[in-house]
Amino acid sequence: MAKNAPKIGVYICHCGINIAQTVDVKAVAEYAATLPNVVVARDYMYMCSDPGQDLIKKDIKEIGLTRVVVAACSPRMHEPTFRGAVFGAGMNPYLYEMCNIREQCSWVHVDKAEATAKAKDLIRSAVARASLLEPLEDRYADVTKAVMVVGAGIAGIQAALDIAEAGHKVYLVEREPSIGGHMAQLDKTFPTLDCSACILTPKMVDVSRHPNVELLTLSTVKKVSGFVGNFTVTVHQKARYVDVKQCTACGDCAKVCPQRFPNEFDLGLATRSAIYQPFPQAVPAAYCRNDQQCLGSLPLACGKCLQACEKKCIDFDQKDIVRDYEVGAIVIATGTDVFDATTLPEFGYGKYPDVLTSLEFERLCSAGGPTQGHIVRISDGEEPKDVVFIHCVGSRDKAVGNEYCSRVCCMFIIKQAHLLKDKMPDTNVTSYYMDIRAYGKGFEEFYDRVREEGVRFKRGKPSEIFRRKGKLVVRVDDTLLGKVIEHETDMVVLGVGLVPSEGYRELAQTLKLSLSSDRFFLEAHPKLRPVDTNIDGVYLAGCAQGPKDIPDTVAQAKGAASSAIALLNRGKVKVDPIVADINEDVCSSCHICEALCPYQALIYDEHKHTMTVNQILCKGCGVCPSACPSAAITLKHFTSAQIDAQLEALLERAGSSEEGAMQEPVKEKVEA
Amino acid sequence: MAEFNPTIIGFACNWCCYAGADLAGTSRMKYPPNLRLIRVMCSGRIDPQFILKAFKEGADGIFIGGCHPGDCHYVSGNYKAEKRIDLLKGLLAGLSNEPERLELHWVSATEGQIFANEVTSFTERIRKLGPLALDAPAPVQQDAPPEKQTPVPAAEPVVPPPAEDSGRKPDLTHLKAVPEAGQFASRIPQFKIPDGA
Chain A
1 MAKNAPKIGV
11 YICHCGINIA
21 QTVDVKAVAE
31 YAATLPNVVV
41 ARDYMYMCSD
51 PGQDLIKKDI
61 KEIGLTRVVV
71 AACSPRMHEP
81 TFRGAVFGAG
91 MNPYLYEMCN
101 IREQCSWVHV
111 DKAEATAKAK
121 DLIRSAVARA
131 SLLEPLEDRY
141 ADVTKAVMVV
151 GAGIAGIQAA
161 LDIAEAGHKV
171 YLVEREPSIG
181 GHMAQLDKTF
191 PTLDCSACIL
201 TPKMVDVSRH
211 PNVELLTLST
221 VKKVSGFVGN
231 FTVTVHQKAR
241 YVDVKQCTAC
251 GDCAKVCPQR
261 FPNEFDLGLA
271 TRSAIYQPFP
281 QAVPAAYCRN
291 DQQCLGSLPL
301 ACGKCLQACE
311 KKCIDFDQKD
321 IVRDYEVGAI
331 VIATGTDVFD
341 ATTLPEFGYG
351 KYPDVLTSLE
361 FERLCSAGGP
371 TQGHIVRISD
381 GEEPKDVVFI
391 HCVGSRDKAV
401 GNEYCSRVCC
411 MFIIKQAHLL
421 KDKMPDTNVT
431 SYYMDIRAYG
441 KGFEEFYDRV
451 REEGVRFKRG
461 KPSEIFRRKG
471 KLVVRVDDTL
481 LGKVIEHETD
491 MVVLGVGLVP
501 SEGYRELAQT
511 LKLSLSSDRF
521 FLEAHPKLRP
531 VDTNIDGVYL
541 AGCAQGPKDI
551 PDTVAQAKGA
561 ASSAIALLNR
571 GKVKVDPIVA
581 DINEDVCSSC
591 HICEALCPYQ
601 ALIYDEHKHT
611 MTVNQILCKG
621 CGVCPSACPS
631 AAITLKHFTS
641 AQIDAQLEAL
651 LERAGSSEEG
661 AMQEPVKEKV
671 EA
Chain B
673 MAEFNPTIIG
683 FACNWCCYAG
693 ADLAGTSRMK
703 YPPNLRLIRV
713 MCSGRIDPQF
723 ILKAFKEGAD
733 GIFIGGCHPG
743 DCHYVSGNYK
753 AEKRIDLLKG
763 LLAGLSNEPE
773 RLELHWVSAT
783 EGQIFANEVT
793 SFTERIRKLG
803 PLALDAPAPV
813 QQDAPPEKQT
823 PVPAAEPVVP
833 PPAEDSGRKP
843 DLTHLKAVPE
853 AGQFASRIPQ
863 FKIPDGA
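Quick mapping for you: the protein sequence lines, in order, are chains A and B.
For the first sequence, position 201 (counting from the first letter as 1) is numbered 201 according to our numbering, and the numbering increases by one without interruption.
For the second sequence, position 19 (counting from the first letter as 1) is numbered 691 according to our numbering, and the numbering increases by one without interruption.
Because the hints were derived from the structure by calculation, they are not lab data.
In this text, all values refer to a predicted model and were calculated from it rather than measured experimentally.
Check before you lean on any hint, since a few could be wrong.
What the hints assert, rightly or not - Capping the alpha-carbon separation at 30 angstroms, the derived lysine-lysine pairs in DSSO-like fashion look like this:
1) B:Lys702 to A:Lys512
2) A:Lys512 to B:Lys755
3) A:Lys483 to A:Lys471
4) A:Lys61 to A:Lys574
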């Protein structure tokens, strides 16, 4: 062995039986010991455990290892763990290489011989790469002490309050004229029957009055740049045309407005004027003018509101504002929309006025709703004598592309059935379900109570709703009776599922966030990092990550807030040292890289006549080194030499016979 | 003749395809063990030279995975990868008449199933194609064991020139003293330009 050759230690993890069941770990360890520059190869049950890490640390100190390779799970899982371990033993963490023989070998292959051969190949490649690894120094950047919370439903409000309470600046961005989200539309919450507005509106007021919170309503995120701790977010704020500070929400302007439009807050069950307040408890408590619907300010056209407003708060000349905000972290709390029931024409939603969605029914139940809480048929204003609820509309349905369970609709409908029975005890209430999912605290007890109140639960998914002699007929296969029944009723409520909030895809692309297959934002790890995302410094709260009820939403919002607070309090953030580097002696200043870099990190130095890399702007993607015609650019930690070595090692056997190539010479290597 | 077992090299970007491959593992999906995946941060890092080198060293097929259009973690690296792969396929068509040995797929972090499916079908396609024979203009004809069909020495005279031409159509003339073009291709940028350019 050459004098300056690296001394590599290879550690192979059994991961219980996760790796060991399809990979012959002992044989792989013996093989690894024969690889060039390898001075020790060991196998161990759980390398990530403390004793496993101690094994590595001990060898670094006693044998003087200069490189460490751990063959275990994905680097996306435990690379930071082992980097920490080697760092603890005084080694540069970037001299550590991870070899993925679990997710990409033992778990995906069946044949033990083939999996073992692949594991050997992968380790040979990792060792070849490890020999060429170079030490890199971590860099640190300051963290901007501010957070942007996108979405001001209960998740965003809670996260904003927690962060503001910790003493940090919060920009709370909301697309609608008022904060509050869907929770503001609810009458009661399950299973405790708390009045939704009574528990939400104080929080809305708190967050709007908090000195650390800046509320940005009618606003959307247009662009995000930067990195963890140092994001620049461009926010587009639409003009409200009403001075929020001056407006007292007296409503004089709305009274004189001649225009009428469906009220979004009441889902079109009521109307509003072109200058309006979404709902009486709206925050900020100011009116808002829709410039598309307004007739205009000219006296000939209209301009009545201008005259009616005594305080002169209305300003037709207000302009949209596009502003950049510097923040250290971003919380995504964009929530959810309800499933569009017109997608399922068999239920007749949109065709029969007495077929409602559960959210519309909620507005009918609400004392602040269009009927002041009287539950009546939309078609004739009469009280229904028979009401049918249908579960799982747009959830657990592959045909509409929503395979997931929306989690809240079972309890939501059970609660609505209760509200109905409570207000009108003589009404027949039937609920057609696929399965009842009453999994939460107090849910099953509430379900039992509602059954005892006389709500009938029948198992079956209705196939069709049609009208016969003025009555709605629900045709359903009652799977417990085993026969198809036709249920005549006065009103049908569709328990619509939850879908990602409108604009989720644009936001995902703006932030480069991943989406799960259900189209909600993807968390960094489904079990252990449920509020983190694949972007450091961007956290998820509430239904943006997947359907959930209010307590779960609040819990996740608090989790996201605490993650953001921890980041801000730390004050420093590690910046990846994996960046491009230019060999100025070789650079021919052809400028090819300059045009390719999406971050403008490559800049021409007029004095040196070469390109240079701004290492703060560089994100380390490696687009430039693979385009440089002079091979003057190196991407640290992913150098061409390292990747070439990996390739050569992987393909070592390809030219010769499969098994014969495996050399046997066992040097005197240490065995665990 | 025993069934041909192709050697397949994969390149996957860290954020989408590699995470998708991990998900395939976490979900215990199965695919053929021929694939050997190399992780890079972005599909834009995949230098055409790596691909040519892999073919030269004996790979029968190369699978490249990046983020879906619009989803690249680094804004636009996947588009650059796509362009490079397209160009390279043209070159491969000239070399071996089998540009289908190189495939680019978009696999997101949640598409474990798609990753497993694509790898499986790609492996089968390469298995049908047989071993890569860079030196033989006509497709496979020898009866020798498949492993012998990609003799490295025979491949050498054919591949290196395109390797130098591929991504780096070098306008090196303005660099005054270029020792030899091979030195750029071998990526050992140790030489100095004699006089300050």
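Results of checking the hints against the structure:
1. With a CA separation close to 29 angstroms, the supplied pair lysine 702 of chain B and lysine 512 of chain A stays within the 30 angstroms bound.
2. Proximity of lysine 512 of chain A to lysine 755 of chain B is assessed by CA-CA distance (about 21 angstroms); at most 30 angstroms being required, the pair is judged to hold.
3. Straight-line distance between C-alpha atoms of lysine 483 of chain A and lysine 471 of chain A comes to about 21 angstroms, which keeps the hinted pair within the 30 angstroms bound.
4. Distance hint between lysine 61 of chain A and lysine 574 of chain A is fulfilled; the C-alpha atoms sit about 26 angstroms from each other, no more than 30 angstroms.
The structure fails none of the hints (numbered hints given earlier).
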